[in-house]
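> Next come the chains, spelled out residue by residue.
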Amino acid sequence: MTLIQRQGPFFLLCIVVLILWQLMHMWLGTSVVVAPSRAVEISFDLLRDPTVLPHAAESLKAFVLAATIAGVLGIGFGLALGARPMAREVMEPIIMSLYSLPKVTLYPIALLIFGLGISAKIAFGALHGIFPILIFSMNAVRGTSPIFLRSARAMRLSRWQTARHVLIPAALPQIFTGVRIGIALAFLGTLIGELFASQRGLGFLLIGAIQRNDIQLVSAIVLLITAFVLTLTGILLAIERRLRHVT
Amino acid sequence: MTGSVAWIRFGVIAGFVLTLEFVCRIGWVDARTMIAPSEMALSLARIMTDGEIYASLSMTVFTILAAYAISVVLGTALGLLIQRYDVLRRATAPILAAWYAIPSFAFYPLFIVLLGFGRPALVALGVKLAIVSMIAATIDGLDKERRVFSKVARVAQLGGLARIRFITLPAALPHLMTGLKLAFVYSFIGVVAGEFILSTAGLGYEIAYAYDNYDTTRMYGLILLTCVIAALINSCFRFYERRLPGGGVR
Amino acid sequence: MTNVAALRPKAVAAGVHAELVGVSKTFPGRGGQAPVTALAGLDIALRKGEFFSVVGPSGCGKSTLLDLLAGLSAPTEGRVLFEGQDIGNTVPPGIGVVFQEDASFPWLTVSENIAFTLRREGTDPAEIQRRVDYAIGFMGLRGFENAYPAQLSGGMRQRVCIGRTLVMQPRFILMDEPFGALDQQTRLLMGDELLRLWRETGATVFFITHALDEANLLSDRIGVMSARPGRIIDTIATEWPRERDSRLAERGEFGQLTARLWGLLREESRIALGMGT
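Protein chains in written order, with the numbering used here: chain F, 1 to 247; chain S, 1001 to 1250; chain V, 2001 to 2277.
No wet-lab data here; the hints were simulated from the structure. Fair warning: this is a prediction, and the values are worked out from it, not measured in the lab. Fair warning: there could be bad hints in the mix.
What the hints assert, rightly or not - Within a straight-line C-alpha distance of at most 20 Å, the following computed SDA-like cross-link-like pairs (lysine to any residue) qualify:
| no. | chain 1 | residue 1 | chain 2 | residue 2 |
| --- | --- | --- | --- | --- |
| 1 | S | K1144 | S | L1161 |
| 2 | F | K103 | S | Y1205 |
| 3 | F | K103 | S | K1128 |
| 4 | S | K1128 | F | I181 |
| 5 | F | K103 | S | L1182 |
| 6 | F | K103 | S | L1161 |
| 7 | S | K1151 | S | K1128 |
| 8 | F | K103 | S | I1013 |
| 9 | S | K1128 | F | H245 |
| 10 | F | K103 | S | E1052 |
| 11 | F | K103 | S | K1144 |
Unchecked claim - Under 7 Å between C-beta atoms, here's a sample of chain S residues computed to sit facing chain F:
| no. | residue |
| --- | --- |
| 12 | S1004 |
| 13 | R1009 |
| 14 | F1010 |
| 15 | M1177 |
| 16 | V1185 |
| 17 | I1223 |
| 18 | L1224 |
For glycine and all other residues, C-beta sits at the position ideal for the given N, C-alpha and C.
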């Protein structure tokens, strides 16, 4: 299958979506749906707008911290639980139950604990990001082929050598999948945090735009956010493919 | 063995709750920040008994069910089409893989603009979150019917409908079950979160309202209610999943 | 360029190399089930430099036997000795194990896989290079040094695993149905390679297989195991010359010996499969 045959349908779909967007704009009018070109135009304007930059910086800063915390805690606990079957059996249903909670409802608690500043957003983003990272890390260890452990023993490797040269490389692709998903969710988590009771950040700008019924600004911000996360995910996916040595 | 695991789990949860209770009672934690679990439970009891929550609750439930129904039906149909036609599969593969990364809540404003401030926007939000789980699960489930099964069906002279009933469906069932579960979870999350962020009615709205009015007690009671509902739904699904032959998807 | 010295292990005094003395192995029952006795009262003595195979019905404890000889697990009763020392639950140096499953590390190239254990032991890089290079040539992996296991066939991956064991210059090689996942033709050719390796390195080989003709072809002696709890029913000496390969099958005595093995095993296999006597 040629490259065109493989990627072609997707690009075709993108074009179809753009056409539909344009049609909806023409049908419903600018006050409801912004034309695609206009949305892109405003997005670029936003990026150059000096008043917007501090908000974007705030969101970015919160995101990076949230993602880092989620990554460190998620991988740490995930590996620990994966290595101890008993602890994992005990904790797994608890973790899965927490995962299916609408975490937004826990946000007031975060606000009460951390106050109205950036810490609450970071905590919230970390809360969103930690679950996939933990779950994937845990399953990566648990799913390690027993043959690798037997081989390590037959090669008389120490526990440390086994962990460093066998277990971690074996688990890495799956851990990275979790990290990829977790990073995106951490970003979205910080954003959701900013939609509510916040004075700064892209989410704050967004909620303000909604309340003022400023469709153009809403469309532009949504476009920017979507483009950012998709690019980030795309890069991480590419890294992941290399990790798995996909030929 | 499994019995003792359940006990340990119970112990972990009980330990956490008791520590929280202790910490709140002796005043290490400000009562305006966090109230003791026993107080939360009392608040929940009060909320359930005085009855005014049921209007909001039923509104939320109906919205969730609407989002769920649309996600399942539309999701299964789309999944069927995509699995069947390879072109569609290639077209949608990048979208499905990265759907979770598209900020659903950032699109919520767009839904509001298109559908107004009421329930339909919330349903749209729930569907947006949930539908991909159903699509992916349907595709996975249909993939599970290995080529050799279709040969077995032809040798056994099974017609189209019989084949679907006796081979395709049972093979797909564990994955469909996972899809049904995830779709519900995400519909639940989407609707309640949407109500929380921007709405005038429903469970999520009630929590936000309590927060805004510094009614910490009621807020925690409501949050506890949400958690209890989520836990109950999860248990129901796990119960049915375990009863599937093979115990569901590992 | 043959540099046999690259692979030949240090000489050990002739005689018994490894042995099991009065060994039993019982596994505790799980979840309320009765404990399982995999092996009962085994005595085996492997001579230095011999090729010893074990055949037996499925579930008779062949893999457990290998684990015990390698020091991967300890016996419930009795002793496991390697070069005169009781090894218990530790893998002694000088042993190489090739498992039934593919144990090649998917995240390393062929060269990196083969060099793996040497690197962990801190061997001098020049020496590593020399040995790995020889192993790649010996195992027929030239041209694939930088390939990843995912790009190779099952047979080639198994060759990588054997190569990885070889470069350690083991005096005692244990193999658990290493050719199990391969087709018959590949098996026969790999068997020839294995014999060549065995002759050149002078190592003692302990080989598990369920294929009677394979055991017959490769071995100096064959231990026949009973159904569980496993014990050695009989030990057959093949008396084949050291210089042998798969064309041995042309000989009349070959077929007779295989038939004799089956005669011993048939009843035990029926029992193991629950087909009764």
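> Run every hint past the structure and note whether it holds.
A quick look at each hint next to the structure:
no., hint, verdict
1, K1144(S) - L1161(S), "18 Å, holds"
2, K103(F) - Y1205(S), "14 Å, holds"
3, K103(F) - K1128(S), "17 Å, holds"
4, K1128(S) - I181(F), "17 Å, holds"
5, K103(F) - L1182(S), "15 Å, holds"
6, K103(F) - L1161(S), "43 Å, violated"
7, K1151(S) - K1128(S), "38 Å, violated"
8, K103(F) - I1013(S), "19 Å, holds"
9, K1128(S) - H245(F), "33 Å, violated"
10, K103(F) - E1052(S), "24 Å, violated"
11, K103(F) - K1144(S), "33 Å, violated"
12, S1004, "9 Å, violated"
13, R1009, "5 Å, holds"
14, F1010, "9 Å, violated"
15, M1177, "15 Å, violated"
16, V1185, "4 Å, holds"
17, I1223, "5 Å, holds"
18, L1224, "10 Å, violated"
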